[in-house]
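Number of protein chains: 4
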Amino acid sequence: MTDSIIKVGVVGGTGYTGVELLRLLVNHPNVRLTAITSRSEAGMPIAELFPSLRKHLSLKFTDPENGELANCDLVYFATPNGVAMKSAPQLLGQGIRIIDLAADFRLKNQEVWEHWYEQEHACPELLATAVYGLPEVNREQIKSAQLVANPGCYPTSVQLGLLPLLESNCIDTMNIIADCKSGVSGAGRKASLGTSLCEVSESFKAYAVPGHRHLPEIKQGLQAVSNREIGLVFVPHLVPMIRGIHATIYTRLSRVNSSSENTDFFQALFEQRYKDEPFVDVLPPGSHPDTRSVKGANHCRIAIHRPLNGDTLVILSVIDNLVKGAAGQAVQNMNIMFGLNESTGLNNPALLP
Amino acid sequence: MTDSIIKVGVVGGTGYTGVELLRLLVNHPNVRLTAITSRSEAGMPIAELFPSLRKHLSLKFTDPENGELANCDLVYFATPNGVAMKSAPQLLGQGIRIIDLAADFRLKNQEVWEHWYEQEHACPELLATAVYGLPEVNREQIKSAQLVANPGCYPTSVQLGLLPLLESNCIDTMNIIADCKSGVSGAGRKASLGTSLCEVSESFKAYAVPGHRHLPEIKQGLQAVSNREIGLVFVPHLVPMIRGIHATIYTRLSRVNSSSENTDFFQALFEQRYKDEPFVDVLPPGSHPDTRSVKGANHCRIAIHRPLNGDTLVILSVIDNLVKGAAGQAVQNMNIMFGLNESTGLNNPALLP
Amino acid sequence: MTDSIIKVGVVGGTGYTGVELLRLLVNHPNVRLTAITSRSEAGMPIAELFPSLRKHLSLKFTDPENGELANCDLVYFATPNGVAMKSAPQLLGQGIRIIDLAADFRLKNQEVWEHWYEQEHACPELLATAVYGLPEVNREQIKSAQLVANPGCYPTSVQLGLLPLLESNCIDTMNIIADCKSGVSGAGRKASLGTSLCEVSESFKAYAVPGHRHLPEIKQGLQAVSNREIGLVFVPHLVPMIRGIHATIYTRLSRVNSSSENTDFFQALFEQRYKDEPFVDVLPPGSHPDTRSVKGANHCRIAIHRPLNGDTLVILSVIDNLVKGAAGQAVQNMNIMFGLNESTGLNNPALLP
Amino acid sequence: MTDSIIKVGVVGGTGYTGVELLRLLVNHPNVRLTAITSRSEAGMPIAELFPSLRKHLSLKFTDPENGELANCDLVYFATPNGVAMKSAPQLLGQGIRIIDLAADFRLKNQEVWEHWYEQEHACPELLATAVYGLPEVNREQIKSAQLVANPGCYPTSVQLGLLPLLESNCIDTMNIIADCKSGVSGAGRKASLGTSLCEVSESFKAYAVPGHRHLPEIKQGLQAVSNREIGLVFVPHLVPMIRGIHATIYTRLSRVNSSSENTDFFQALFEQRYKDEPFVDVLPPGSHPDTRSVKGANHCRIAIHRPLNGDTLVILSVIDNLVKGAAGQAVQNMNIMFGLNESTGLNNPALLP
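Protein sequences, first through last, are from chains A, B, C and D. Going by the numbering used here, the first residue of the first sequence is number -18, and it counts up by one from there. Going by the numbering used here, the first residue of the second sequence is number -18, and it counts up by one from there. Going by the numbering used here, the first residue of the third sequence is number -18, and it counts up by one from there. Going by the numbering used here, the first residue of the fourth sequence is number -18, and it counts up by one from there.
The shape of chain A in the complex, shown without the other chains:
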């Protein structure tokens, strides 16, 4: 199927994940952009809203109701939470595959979903069949999935930083801390005092310490691979920059390892686990990944530390929240779903500086 063309629709192309998806798709060799919808901007050329796409894209936004999505092989939802679930059953019924970049299908438990997202779920029957689109865990199921729930940005960075440890049963799963830091684009594209330059630049703060919607998603993912109960404290912070997530993860070793060789053990564990992964990069011992090393790229870069040889392991994991944390991972999932090389259209290095 490598040479085939996928007819792609994007619902909600006016946000940051939407425009990032368009950036990646306009040059994807196997994609024909067929419909990009926006109720509010229907009729406007997309490149008028996003001049960065001038000379790359001549399509106009269309109304999602006008039927063009029916001609697609795949529809991405780059919409706010609660939108995709309203259209998914009909599209799936037409044989159209779906990747939802929002949270509608990420949690398996309807009750938990409704608690955290504060609304009734429109199609709870799909929660079981939706595939959680973290290729490093669920690659096989993604291949045949009709409906992929693209993971959240924080959950991607934290899960990739913990997978090898959980799979090999090395750590105390009841005492995990994920201190995460995100650029402001994670808050989306909207008029908001709280994300204005004068309010957030030259400043740093935590937010949502009492509870954040990505907490149940992370816990569900960690539980799935470890088959254990997870005790997790997750604290997100806002960094005065546009893109990037840095997760600093603290875990307690489940059996105390006193010899210094063990640092090498954990390094080898990660390298082995990810050696065939195209988008997970385990850095050499002693490294400190910076988020700019993945700016605009689909990679997750990880370093493992064991400070002063104590019983706390510190994992540093960085991604671009809009790429591996959203649009890039969505393209990676599409590539898997349609039998393409997983890296197609995702080969650009990070923009540095």
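Calculated from the structure, these hints are not laboratory results. The reader is advised that the hints may include incorrect statements.
[To be verified] In silico SDA-like pairs for lysine to any residue, Cα to Cα no more than 25 Å straight-line:
1. K36/A with R120/D
2. K36/C with H9/B
3. K200/D with H102/C
4. K256/B with H37/C
5. K41/B with H269/C
6. K171/D with H9/B
7. K36/D with G267/A
8. K200/D with H37/C
[Stated by the list, open to error] Label-pair distances were calculated between CB atoms; the ranges are:
9. R20/C with S21/A: 27 to 35 Å
10. S324/B with G63/C: 17 to 25 Å
11. E210/A with N8/C: 48 to 56 Å
12. K89/D with G63/C: 55 to 63 Å
13. L30/D with R209/C: 22 to 30 Å
14. G291/C with P70/D: 36 to 44 Å
15. E92/A with N90/B: 39 to 47 Å
16. G63/D with G192/A: 35 to 43 Å
17. S21/C with G291/B: 51 to 59 Å
18. N90/C with G63/A: 52 to 60 Å
19. A205/B with N8/C: 31 to 39 Å
20. E95/A with N322/D: 49 to 57 Å
21. E252/D with N322/A: 34 to 42 Å
22. A205/B with Q253/A: 42 to 50 Å
For every residue, glycine included, the Cβ atom is placed at its ideal position computed from N, Cα and C.
The hints should help you fit chains B, C and D onto chain A, whose structure is shown.
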């Protein structure tokens, strides 16, 4: 002594802590700036190096060897580590009091100091008599101190975030995590690729995870107030902004408290502990302090969280690394040493936005 | 009157010029803050909206209708354009003096005002008596003014950069270019996509090239001092930073001066003109002022260049748009109006770095 | 020749133009990177210095003396000024084509070059044969050029903004002002106090007002297309951002045009001139291009304004200084030299946000 004038010298006025000290001192009603020394810039008007001081300061840098320091009542060292210890004995012998903003006298244990600062200490006999200048702990000793070791920036934010818990014996002292984030000015004023705008802006990273010089200083301080061994993992990060430190501190409650009232208990504990402190501000429950709320000000603002009512307490503590974390705290110490109102010259609110 | 206390009201204390005014006034020795009004936030402690003012200000916002303004000696309007003109006549009638930080009374010509501000003026009869509050031009009139129109930020930087040249009739007044750059705080404190960090950081652009409201204000000011028609092209730009304005002004010398001595002539002209001005600082020849040298301070710093000794003179003029461009100049005007030392409460150096 | 492979060498791959060149070349379908040299870093894997290239490039830096360059079809010099001219004659003698991203071959006049670059030129005989690599002017000569002088960043933005006006003889060539603003990466990758985040972020300033090396380059280019003497004032400014140049160009119309239709005339003039250019984008009337619309992309976006229908035309021109202002234009030149489609490897949209 409130109306008296203190003749003040500043050794090393060309760095960021130096110029911040000058910003605070030019308007201090009880200070006469007497000598500001710099070997490399001797003869240059200070306001030529720092145009922000034009119309405020007409002094020139002088050579530290030219004897003017002998006319001072107090000498600040805003120098790199290892400088103050070479001059301190002589100045103290002349009856001049000293506040060292660097690390020369912060650690009580000579061996530990020499290990972390990788040099021999020039006057280890002074380590015992130097007073660690954290007013919230050592106010009484500071009053009569001849030599004050001004605390480091990270240590100030972390200690103020933990004092009430340690003094009241609430937490497991062997399992403390301090995930700290600092603006770039913490790295000092120097030509360096690693702090250039193109290398650090629009990026975020951890550094010195294997070990940072502030670790032994924090541990020493926490041990002193708790009388217990301290198990601390300290991870500093670099934030793409000029000023500000945000410490996110994770502690385990030593006895599990199941009732929801206990959050109020910790809130009250902090409020009670700091109610008379002029520069420690405990925010209302549920708050998330941002570093800009203390930009240019000498305050430390603190919030206490207990996510999902679990057994991990999360303390958020913010300071301006150049003010409460350096020059402002040094002025506060001077005020205490000379019997002035502790807030003199430190009353300016933060610059917002 | 130096020791007297001025009872001060602030209408509209929720914006950036408002909070900046409060920052300056809380420590002003001759001011008692009496009423700070906000319709939308009435009842909320001001320090709850602006945590930077915690420990400095315990007042709450009050409703402007509740009569407290009647107890004031002076009322500042830190409101959007069009608000002050609705209340000014009544307050003036009660003998209360007014400083309007918005544009309601800046233009003398009603028709021009209504054209640029797109509304009817509520009290055009006050336009003639209002004093334009640029102390460097109108100090005498400000002393006795009942109603002061505080200048706009761009107009302050441009007028101060041109005054000496216009007063001495050196330049072609029909061919002036003011290429101005402003930090984002100039756009005010409000929810707006256009000022969100993700939209404006790491970017630079011009705006309002076809016409900006500050154009007629600048032209009126330049005409007043030169008694000539003014031909001015004014192009504002948005800089990815919070505070600061940099005006780069290009003027053609009216008579060609070929000798190299003339650069000194213009330098001397500026130094002479501003030698007694507390807040205008003419830098040495060859200087390039940066906006950070006035961050948080009330100074305007100016440098004069004549590239390659040609017939174009380039003036560089920097201010903090929220201080000399708004709140600081308003305090300076108050000091003049009430017979205080002009610098009272305005002595803090810029925050650097 | 479309399917052929070009063996490419890069001399000096450790700076920002070097790493940007590598970012563009690693995915260029017709390029085989053959040698990347650095005296100081010889032996180090390139991806160790630039982790953004991990998984994209496995080459190591080699010493320029070790002969590998002789195997190349094309050598890029991404070196400081004065380096390429020392090696160019020998490489050209071996039949190797050269693109110099520095300034060694940009000026035709040896005396002018030596004046501005303050050194003797090593091979002045090549100045006449070197082709100035601005494709929009010299496309034909570039095709067969052995030695291409890649234009400077400011000169690219200013020349593209003026070409249509000069070619059609519309403006007073003796009175042009180019007020230009650049991100910090224009200063190169090096340890320098002057480009450290704490010195340049949250600030804005002009620099080099008395004279900048790009002035003679711009004048030479404008003279070449207009056949007239050029009177140009060029003032560069430093913007607190990484990438991007914004040129604001002020020109006087040579014949006064009073009718309002004339704005359309200039709009049409630009659109017509650039309609076949793949990388020059004339925006609709009334536009204000922002630099982020070209971040990481090879486009120049231009808008034309005539404020208040006066006799000054304002041209806004934006590029990414590292792409169209350096590495991207160099790749574009290579494509032209080797008969490839001019856009090969340059199709990525800007990174937004």
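Cross-check of the supplied hints:
1. K36/A with R120/D: 21 Å, holds
2. K36/C with H9/B: 20 Å, holds
3. K200/D with H102/C: 49 Å, violated
4. K256/B with H37/C: 15 Å, holds
5. K41/B with H269/C: 21 Å, holds
6. K171/D with H9/B: The hint is violated at about 39 Å.
7. K36/D with G267/A: The hint holds at about 19 Å.
8. K200/D with H37/C: 57 Å, violated
9. R20/C with S21/A: 27 to 35 Å: 30 Å, holds
10. S324/B with G63/C: 17 to 25 Å: Violated, since S324/B and G63/C (Cβ atoms, about 41 Å apart) do not stay within the stated range.
11. E210/A with N8/C: 48 to 56 Å: 54 Å, holds
12. K89/D with G63/C: 55 to 63 Å: Once the Cβ atoms are compared, 58 Å apart, the range 55 to 63 Å for G63/C and K89/D holds.
13. L30/D with R209/C: 22 to 30 Å: Roughly 59 Å apart at Cβ, these two residues miss the hinted range, so it is violated.
14. G291/C with P70/D: 36 to 44 Å: Given range 36 to 44 Å: holds, Cβ gap about 38 Å.
15. E92/A with N90/B: 39 to 47 Å: 55 Å, violated
16. G63/D with G192/A: 35 to 43 Å: Between G63/D and G192/A, where Cβ atoms are some 60 Å apart, the hint is violated.
17. S21/C with G291/B: 51 to 59 Å: For G291/B against S21/C, whose Cβ atoms are near 37 Å apart, the range 51 to 59 Å is violated.
18. N90/C with G63/A: 52 to 60 Å: 53 Å, holds
19. A205/B with N8/C: 31 to 39 Å: Distance hint for A205/B, N8/C holds at roughly 35 Å.
20. E95/A with N322/D: 49 to 57 Å: 53 Å, holds
21. E252/D with N322/A: 34 to 42 Å: Because 40 Å falls inside the window, the suggested range holds.
22. A205/B with Q253/A: 42 to 50 Å: 44 Å, holds
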